[in-house]
Amino acid sequence: MKPDELRSLAQKEAEARKSYRYRINVCCSSGCMPFGALKVLSAFKDAVKEFGVEGECYVARTGCIGTCSIAPAVLIEPGDYLYQNVTPDRAKEIVKEHIVNGRPVKSMLYGNEAYFKKQLRIVLRNAGKIDPLRIEDYIAVGGYYALLKALTRMTPEGVIEEVALSGLKGRGGAGFLTGLKWRYVARATGSPKYVIANLDEGDPGVFANRTLAEADPHAIIEGMAIAAYAVGASKGYIYVRSEYPLAVETLKKAIEAARSMGLLGEKIFETAFSFDIELRLGAGAFVAGEETAILASIEGRRAMPRPRPPYPAQSGLWGKPTLINNVETLANIPVILLKGSEWFASIGAKNCTGTKCFSLTGKVNNPGLIEVPMGITLREVVFEIGGGVPPGRRFKAVQVGGPSGGFLPEQLLDLPIDYESLTKAGAIMGSGGIVVLDDTSCMVDTAKFFTEFCVDESCGKCVPCRVGLYKLYKILDGFTRGEGSLEDLQKVEELCEFIKEASLCGLGQTAPNPTLTTLRYFRDEYVAHILEKKCSAGKCFKNGGGVGGE
Amino acid sequence: MAEVWEASKMIELTIDGKKVTAKEGDTILKVARENNIYIPALCYLEGVSSFGGCRVCLVEIKGSPRVFASCVTPVAEGMEIITNSERLKRYRKWAVELLLSERPHVCSVCVANGSCELQQLATDLGVDHLRVEREWTNYELDLTHERFAYDPNRCILCTRCIRICDEIEGVHTIDLMLRGKNSKVIFDLNDKWGFAESCTSCGKCSAVCPVGALYVKGKPHSESKRKELASFVTSRRSEKTIG
Ligand SMILES: Cc1cc2nc3c(=O)[nH]c(=O)nc-3n(C[C@H](O)[C@H](O)[C@H](O)COP(=O)(O)O)c2cc1C
Ligand code: SF4
Ligand code: SF4
Ligand code: SF4
Ligand code: FES
Ligand code: FES
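Chains as they are written, first to last, in my numbering: chain A, 873 to 1422; chain B, 3 to 245.
It should be emphasised that the hints constitute simulated quantities derived from the structure, not laboratory data.
One or more of the hints may lead you astray.
Covered stretches of chain B, going by a simulated chain A footprint (3 or more residues, C-beta under 8 Å) [said to hold, decoys possible]: (1) 25-39; (2) 47-57; (3) 69-83; (4) 87-96; (5) 100-109.
Because the structure is a prediction, the values reported are computed rather than measured.
Ideal Cβ placement from N, Cα and C applies to all residues, glycine included.
Same shape as in the complex, but just chain B (with noise of 0.2 Å):
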């Protein structure tokens, strides 16, 4: 009961200097759309846990020196938010220019070309030319799957993905292998995808994707993105509440 209670606690704060009112517990990415006020965000995706990865969601709380993801801090009372500072801006370009030169993403080759969120975001921020150089990666696609396809060389390690397939689909059939810079999302244990036992073909991971990583293969990339997700997410959640 008191952590119920204590969850609904209704606190203010303001955000670009706008008071808002929030439930305890919440972040402060949900708090400022909530209240209409943009921040961007890469890896975050609503309905799926949070995974405080990509850094473009970044704000500063007035008080501190540092920055923080804001799709993973919670709000607290009395915070003075900042979503849109010089310095931000500078840090959120770096993010989406690194992400940029990771691999190889040539935009005019892609699927997603057009229907991009990482495309969409270097556009916003900005982002005309890359400072550091493009690595060249050399991932084998994989086109086993009947209806899915999954270009690593496209991936921006988001785990979208991870997390959707494990949380909502509720199989975990995708996971990530090794680290820092090698990692790699895989399906099962490395298997290729058309092989995945454990794959129920839901496309919820291809739905989500915000590059052109996952895609459904003959369909505009554009079609096949998020229009379902919304009513799944949604459904899902409001499961989560009830029960």
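Excised from the complex, chain A in its bound form (with noise of 0.2 Å):
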């Protein structure tokens, strides 16, 4: 492709999109499409038929909008009215009353402002919004723009530089530079370069990064492509796991629409750049996320960590400098470029710009995935985005970052969201779980509930992490029985120092969070189970003793 049809055919297609007055996008992204999206997306083409209105009105098979407790959702532009639990039928009165008599059915709208009030989307610009199978519909936003920026108006030094000036740092979980990361790769000597895209996502629960790849996958082919251009690769791996059909197959189309139109392969936009990307499925292991992991996943051989250094920076795919950002990560950087890093490095807090998703679960009002400024305080997202918990329950704890993140009490609810004050407080940023609990739930059973995910998902390389997390479940387990004494809570803390401190890998280093906050926040109910045999949730002492009981 040259740089000219880029242009004639994004104003093509935004003059296209233009023409109709009405757009329904009609999400059928994971979260809807088990609950009938397909069949409301064909309701919505034959309804726009019947009444005679197809000129005016375009329906688009989206990604998701970001509302998956209301599926099937919805989106009507202009105006962003957004419906829920849409069905065949009520598609039909929807294209009656809102397109043709232009009345918004008000009883079928979602009316939650407060969900949408302190969202910032920036990696989620497109979703919901485009049709991800359809390239033109990225390009009619701006897509592949800031590709052609990169590759015909900055040299790869000037791209890093605009990187690190926006401050990014890497979503995928350890919060580390990007622009620095790309300027390691970028001065590493050998040849040739890789690029990997982590979309491994083995955090149950957590499900952002397969949602962008779901609703923008050329966001991050795009970002893949700049990143390649900055450190000098010409090929990438996107790694995801297989348990991801929809983001696969999506994915996949998305290639190779972008290789069809030449904005992957040889001499992009006609100058020297040339790039590819192929995928690579993970085998569903937790810990196959770990760098070092894919590293060894896509060589071939058993997804096991290894020790850095060598960093893959270094040293990565068959011995080649190698950089491995998360998905979302790469999503951020089109955006940086046509916008500026002073604009980016604007938005969100001091040390921690630009913003994250998360996948809002547990007992909220409003789950679903969000994407918030950082800074933002662990309040707003729960009780503002989220609504709060259930009608007649009371808050008892947040967890973020996935299986191994931390559980915040109550009082911290005011801490903002950045990797700093997440990591000071015994949480981490993880790749973007949040998991809010309320009265119903024991504290020493879901850590043990946790420990014994990260138990089963040790890859079994490390002394601490293989066997000393199997002894801390165990332990953890005979205080939901009614076992153990006072003295074992202060080896549960030597024991946990160990396995963080000595692990090998991030699995084995985080993994005693759930414990060591628990433990901090939420003592008197380690104390509680021990000395009266008592849960106050209710979860515990199934088996004969204790009290308590639903």
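Grab the two chains, each in its own frame, and use the hints to assemble them into the complex.
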């Protein structure tokens, strides 16, 4: 594709988009699909024909709108009218009233403004508003312009500088400065170089990366291509878990579409830059998302982490310099290049710029996929966006950071969400899970549950994680069955310290967080279990002994 | 050429306050041993690649709050390494205790009693009781090989056998199956050892097994151990350096 061709295609598509008075976006992503989204989609298509408004009303199949709790969700532009729980019958009525008569159907609208008020969509800028399977849709909203800009008007070093100035940090968990990482890979000697997009997302209940890929795959592809240009790579891999069939399908088609338009392949935009992407499917282990395990897996070996150094930037795939970024990190890149690092740096908190996507789940009234500016408080997320805990229940704790994230109590709700504050409080950013617990949860039982998850997911290479976590699980399990003494609490703390400090990779290093934070903030529950055999939530001592019970 | 030159660049550092010179790229453990400074190690095996799994060889490096496995961490100019703090002792003790408790390591009825590296470490580190419960795994003994025996109940998953069979004998008969605490050392595609066609019966694996998991039948454990090993590892290494 020539630069001019991108411009004229974008113009043509944008005009086509404008020629419709209405656009009906029907979410057909993983959350809405099981609730009959495809039937709703065809009902809308039939209805616009039936009422003779096909000429002014475009029906689009889109990715996640972010309100998966009201599935199937439908968004009508202009005006961003969001309809909830749409059925084929309701689709017909919506077309009749909203489109034909110009009267939005109030009773079917999702009336929850608070859910969107504090959100800011940068990564998910196109989610729910474009058809992920039409590359033209992406181009119509400015897609691949950032790549064009990078290739034709910026040097690789210039791109890196822009990303560095934006302050963007890796969204895959550890929060490493993206610009700095790119610089390491750019400076490393060895060729070819590789770029890997990490879409393993092994955390249970977290679906932010999946949603992104299903809703806006080209944002990831464009981000990868720009990264490749910046670091001097010619080949890229997207490492995606095989349990995400729709994401895999979407990405596969998007890669093909980009290739057929010449946006991937040889001499992109008639420059000297060539780049292509291959999909690699992961086998589903949580630890396979760790970067050195991904390297092993792509090379065809067992997905086991290895010690660093050497870092992948020096010696990655087949010993060559390799850049590994999370897909959310990469999806930020096109916007940063187009709008500038200064703009990006003005969003979020001082040392933590931009936004973060979270899967908000658990005991909240409005679960879903949210994107919020960094620095927002947990209270705003849980109570304003999430709408608080269900009626009649009391908030107890919020877990940030996936299975190895810590649990934070009510008194820490005003904590701002940024890497530093979370780590200090014993939680982690992780890859984007926020789980809300109310008073029906027992903290001892919860710590045990997440420890068990990590026991199952440990690769088994190092002793603290493989054996230590299992012993920790056994002790916690004892507490929930009325065994153990107060001295055991100290033993638990010592064991946790050993696991955290001495484990080889991030899995073991973070796995004690649920136990350590519940011990720190909810110690009285442990004491009650041990001394009084009492579980205030009524979860424990089910098999005889103890007080409590539901 | 450049690589060769870089690999042999000499640097200075201190270990426990003692100034030493070392080849850049060498691991902390190797440099310490060359200078007669003892750092305990278990999964490490000279002559094959390092694994970094047992975490017994941990050291501290001044300026970092973390601990590092010395068998996989390369030295760097000006590093100040501490090999024996209270904290390191605490961690090493945990590592050994956890290994002892992971499977039924009842030394008194083990072939390796008296010549076991895990047992020796436990004594050195003052492990006199276990703070966590023992696990009584019940894996089947594999006595099908005419010369060797394999008792998974004693295996500490150090992967020495896997590495030596792959990297020195060059046949890769042994590997790991499953993950986490269910990991198990297996032969070929989980065959019985006696039926593992790729095995050349060289005996290297049993010679380097630090515990009583692999052993030579009918021979005192102590005698089947690393005496011959030193010779084949060194010969292989000199081949490597020359080639
Ligand atoms: C156990 C474990 C699991 C991980 N899983 C993921 C994952 O699913 N997705 C991801 O992007 N990063 C994951 N990471 C982090 C990666 O190792 C790596 O830091 C990240 O992909 C780097 O990208 P970033 O700099 O853009 O954040 C995981 C790390 C650990 C220790
Ligand atoms: S910390 Fe756990 S997952 Fe990571 S290398 Fe060690 S055993 Fe494997
Ligand atoms: S005897 Fe030799 S070939 Fe057979 S498994 Fe052991 S090391 Fe491998
Ligand atoms: S069999 Fe022996 S050498 Fe092999 S992993 Fe087990 S303990 Fe290590
Ligand atoms: S999947 Fe449809 S709104 Fe999220
Ligand atoms: S000897 Fe270094 S980790 Fe085992």
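message = When I compare C-beta atoms, does the region 69-83 of chain B have three or more residues closer than 8 Å to chain A?
response = holds (count 5)
key: Annotated coverage of the region 47-57 of chain B by chain A, confirmed only when three residues or more have a Cβ within 8 Å   = holds (count 5)
key: Verdict on chain A covering the region 87-96 of chain B, where coverage means 3 or more residues with a C-beta closer than 8 Å   = Coverage by chain A holds here, the residue count being 3 at a Cβ distance below 8 Å.
query = At a Cβ distance under 8 Å, does chain A reach at least three residues of the region 100-109 of chain B?
reply = Holds, because 4 residues of the region 100-109 of chain B bring their Cβ atoms closer than 8 Å to Cβ atoms of chain A.
ask   = How does the coverage statement for the region 25-39 of chain B fare against chain A, requiring three or more residues with Cβ below 8 Å from a Cβ of that chain?
value = violated (count 0)
Comparing the model with each earlier hint shows a violation of hint 1 alone; every other hint is respected.
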